[in-house]
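Just so you know, the sequences run in chain order A and B.
Take the first sequence: its letters are residues 0 to 254, numbered as in numbering that gives the first Met the number 0.
Take the second sequence: its letters are residues 0 to 92, numbered as in numbering that gives the first Met the number 0.
Please keep in mind that the hints were generated in silico from the structure rather than gathered at the bench.
Since no wrong hints were added, every one of them can be taken at face value.
Residues from chain B that keep clear of chain A, each with C-beta distances beyond 10 angstroms, as calculated: (1) Ile-10; (2) Ser-13; (3) Gly-19; (4) Ala-66; (5) Ala-70; (6) Thr-72; (7) Ala-76; (8) His-83.
In silico DSS-like links for lysine-lysine, alpha-carbon gap of 27 angstroms or less: (9) A:Lys-248 x A:Lys-207; (10) A:Lys-248 x A:Lys-203; (11) A:Lys-87 x B:Lys-7; (12) A:Lys-54 x A:Lys-87; (13) A:Lys-87 x B:Lys-15; (14) A:Lys-54 x A:Lys-248.
Keep in mind that this is a model prediction, so the values were computed, not measured.
For glycine and all other residues, C-beta sits at the position ideal for the given N, C-alpha and C.
What follows is each chain in one-letter form.
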Amino acid sequence: MYRTGDFEGMVAETTAVRGADGDLIHAYFARPMGPGPFPGVVLVHHMPGWDEWYKEATRRFAHHGYAAICPDLYCREGHGAPEDVMAKVRAQAGVPDDRVVADLAGCVEYLRALPILNGKVGVMGTCSGGRHTYLAACRAPGIDAAVDCWGGGVVMGPGDLSPNRPVAPIDYTSDLSCPLLGIFGDDDRSPTAEQVNQHEEALKQHGKDYEFHRYPNAGHGFFYYDRPAAYRAEQAVDGWANLWAFFEKHLGATA
Amino acid sequence: MCTYIVEKTGISGSGKGAGGWFSVDHAYVSYDHPFHVQLEHALNIDFVNEASGLDARVAVELTRESARSLAATILQALERADAHEAAAESPAG
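This is chain A alone, in the form it adopts within the complex:
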């Protein structure tokens, strides 16, 4: 619990982690000052890329007492303005799922190697990052809790599969290895309410530990205060509150 009399400080900087194929990729790492122990969180950026919103979100996690790392999943595509990098990724129809999962596994390993960690690591992401979060929670080791915010494409038809995305994430549901929090807007079109229903049904079928929060009058990306048409303040405040409670429950109290 934040108290005004507490000493507060954080370290936030660009670092590098080993990802898929042993590649070193950039990551933004923010942690509270001090020895901890702190829970760890990997933030999985959205389709618009490794942008200011995600850097701010990473620092927000550090402010809340987490050692937080956000990898640049587009690092191999080059560097420039986030929108130019996004355009290149958009032009190549995304990045390979297998590469992303391995990059996220590398971030989990990075956090687990730190002496400040309390032994727990969560993963959270939005948009394509929500989908990637779910994939990582099903396929990568060492994840204790996952938060999927409006990850579309968890449910995919045969026509949606591609070399970059060869398997629908919902098909990995039996392998989900940790509790899952889902945050969705009822007006979203990807995922649609029906696709969220299908995802929930699969989780029930496999007896998984999950909680879904579905918000009326909200669509895709309703946390994004820099996207006025998408932002929904009331739903976002409640969504963040549910996220903090979920991580505190599954990753332990922050120092």
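With chain A fixed as given, assemble chain B onto it according to the hints.
Structure of chain B alone, referenced to chain A:
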């Protein structure tokens, strides 16, 4: 979430980007998340020079309706351009 709807075509010409004029060799037409326009998805056109770096790009992000209007307008102008060129190439008389 991303639609991954993207089409690519080779083009020949020039575009003016943040760093000035450059030759363009490809255009990507996607219907996916835009960066600037306040839409969940937009019809995005990126005119790029693939060998010249990520910032060698001229971008527009359009509503579907305006993109359709643009496409029709380009075809109309091309019809007139073709007629103009045909007339110029025909023997004077």
